[in-house]
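S.K.: Construct all of the structure, not just a fragment, from the sequences and the given hints.
Our numbering puts the sequence shown at residues 23 to 878.
The hints are simulated quantities; they were obtained by calculation from the structure and are not laboratory data. Worth double-checking, as some hints may not be accurate.
What the hints assert, rightly or not - Below, computed lysine to aspartate or glutamate pairings styled on DMTMM-like, alpha-carbon distance capped at 20 Å:
#1 K316 - E183
#2 K510 - E456
#3 K835 - D738
#4 K161 - E363
#5 K641 - E573
#6 K339 - D289
#7 K339 - E287
#8 K555 - E456
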Amino acid sequence: MSNDKPSVNDNDMPSIGSAKDIMGDTPRKSTASKTTRKRAPAKAPASKKRTATKKPVARRGRPSKKPQKPPFFKRVFKYFFWFNFVSFFVALPLAAASFYYLTVYPSLPEVSELKEVTYQVPLRIVTQDDKLITEIGTKKRVPLEYHEIPERMTQAIIAAEDENFFEHGGVDFKGLARAVYHLVTTGEKKSGGSTITMQVARNFFLTKEKTYLRKLNEIVLSYKIENELSKQEIMALYLNKIFLGYRSYGVAAAAQTYYGKELSELDINEYAMIAGLPKAPSAYNPIRNAARAKLRRDYVLRRMNELNFITDEEMQKGLAVDVHAELHGPIIEVEADYVAEQARAFVLERFGEEALQNGLTIVTTLDSALQKRATSSIREGLQDYERRHGYRGAIQNVDSALLNDTEMLLQLMQDTTNYGDLLVAAVTGFNKGEPKILIENGDTAQLQFTDMKWAAEYISVNRKKYAPKSAKDILKVGDLIYVQKLDKRWQLAQDPLAESALISMDSNSGRILALVGGYDYFRSKFNRATQGKRQVGSNIKPFLYSAALNEGMTAATTINDAPVVFHDRNLEDYWRPENYSGQYYGPTRLRKALALSRNLVSIRLMQRISINTAVDYFKNFGFPASELNAHKNLSLSLGAVELTPEQVARGYATFSNGGYLIEPYLIDEVRDFNGDLLYKADPKKVCKSASCQGQNNAPRVIEERNAYIMSSIMQDVIAYGSGKRARALKREDIAGKTGTTNDQKDAWFSGFNPNITTTVWFGFDKPSTLGRYEVGGRAALPIWMDYMQLALQNQPNQPLQMPSGIVQIPVSKETGLAVTPDNPDALYEIFREERAPEIPKVSTRQIETLTDELFD
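M.R.: Encoded structure:
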């Protein structure tokens, strides 16, 4: 306790004399009137108690008086005052500090945790060449190191939040004093006084509740943070953690959300806008509340100018810019949503739900350029089909009042559902007979009638009305329509009813290069490339012919192409299969029969080798036994079995790579937020040399010469058969096979070169006829061609390499029997050496000549 004695007001107690008065003999004179002069009572020495003072000695001529004591309540008040003073200003603070130190302080987190902080970062899915497919997660965040954050961003935040950040030790006492003053004068707890360091402490370790204890913890943690981390580290933590609206955490995510840019690409006014958001992301949201957001942004710009971060000219330029923020998603570089869903399922199965917030990166096997081409090929193929079958009409027709209200019209168009690359447009009038349109993005254009001549009115897949003679036969003012940009101009289009899928893979490893599961993932999430089981039609035939070769037949073996009727209880009562043309061609070589896709030859071929033999052989190509066994009858020879495009492509890859069964895979690797490898694919690859023997090799399932002969036959499918349209690619190394099911319900084309295999399926989700002439070579093949034109661009264009053990023998075109080379009916066929027929020593012509001479 202090040794100073409290002063007492003269009006409350008698005055107390000095030490000199107490020790001396001379009485102290009172300041009172002379006639009422009194002696002051002597003050006790400091070493003695007040109650021990001696009685004053009586002086001559004056009566002795008893000294007066302070009133009792005054003494109690004095003791009470000192007790409370010590209690409230010494004891209680010490007790509180001790309690805090012993109980609360030990529970505070270690600041060292900030050096290994893990942000909740979305799952990123990218292509093999690191192009973003999508981000999946509840929080959008793009963490950056301090050196990656533009200086303008840091300056804007300092100006808005903490101008003394690089000077103070973690706490700004002036700011705290302002907050305390506000509390005292208004009684309200108002946020304020928090430095960036204190906000880091709160955001990473504490809650946002407004309590005195939280504020104290915030201050203590701030000092700890400042002692253990550099200012740059603290700033980076803050700029990566803060919430800035629309699920965006951190300034880099906010730059993408509001401006669709990288953080380094922003202008000064955009940096200021983002810097103004931490104070109240909802109140100052530039999309929802542009006026308030501008006020806040302008405040930040002025503060930046006052702190000499920007010049007067830069400030004025920033102030003059209107609020232009718009809501943007992640900057998607490649559209591959079907792949993204497969990747998401993969990572959830392996790493659990936390994978969606730990910043993992899934590197898929996709080639970004090929994926883009696959998507455009599918969409254009579907639009081509729509143009072949007529126009189903406008989406709707709006009245003239709405046409005159551009803002409302644009809103209506933007609210109208559209998929793929289609946009909604309104016909606003005609100019010289051609429609003028307003597009949902605000652009205007004029359609050309020459691009609309296809748009005869649709009746059914097999019928449409007369060809239009002018654009007014098709459209009228007020029509809402779909348009797409083709050949650098807008053209009439429509939302396709049919669907299609494409899958392309590396034949030697199974790496999936491109995958499209349908027209648009957001129209239908069903992945037709991997999940859609459909009858494969004639796409099954190469596997049947390969089985026949395995059973000892050759490409020159002839099978009779003639009518046949079967009674089969597993099928209809009587089954009368036909060729697509409805005609029959008699004995036909296997090569020609497959090239022209002769159905009856396939049926008789399966009869000859037996159904069981065919089913067992088909399993070598990876086809599911359950599906094969479900169709264990002669209809299997025409493709009644239901397979996915992925399964079909895998089978065709066996022909492409020379007889090996590969396993398609889509995920190449998974990396954590720091780039460390968590998963790496280890596919079984084709090995054709001694150097790779003993490694993780794909198994051989058919003989190399069998694969070569089948590839050679399928080259004839393109040379003169059902896939001859593909000759336009002018490639020497491609082969393939069309496929069409009954009533043209499914159309296929599967083809390859020695390195890439691609399968395309085309049809309706609910099986129904595509139309009378919509076979594989018309519906699916153009899509395959458009894609493979790019896929094969960097592939050497050279003939297939013939393996050893193959010989060429001249055979008759008609009978398939060996003939002499000079026979005008001869063509050269390839045979396995042990299966090659013997060439006659005397030709048929020589025999005829000798006969004529003998009987002449």
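S.K.: Take the hints in turn and mark each one as holding or not.
M.R.: Verification of the supplied hints:
1. Under the criterion of a C-alpha separation no larger than 20 Å, the hint pairing K316 with E183 is consistent with the structure, at around 17 Å.
2. The hinted pair formed by K510 and E456 meets the criterion: a straight-line CA distance of about 18 Å does not exceed 20 Å.
3. Taking the CA atoms of K835 and D738, the gap is about 14 Å. The hint holds against a cut of 20 Å.
4. A threshold of 20 Å between alpha carbons decides the hint, and for K161 with E363 the separation of about 18 Å falls inside it, so the pair holds.
5. Between K641 and E573 the CA atoms are separated by roughly 15 Å; this keeps the pair inside 20 Å, and the hint holds.
6. Of the pairs offered as hints, the one joining K339 and D289 holds, with about 10 Å between alpha carbons and a cut-off of 20 Å not exceeded.
7. With a C-alpha separation of about 17 Å, the suggested pair K339 and E287 falls inside the 20 Å cut-off, and the hint holds.
8. The straight-line distance between the Cα atoms of K555 and E456 is roughly 44 Å, outside the 20 Å bound, and the hint therefore fails.
The structure fails to meet hint 8 from the earlier list, while all remaining hints are met.
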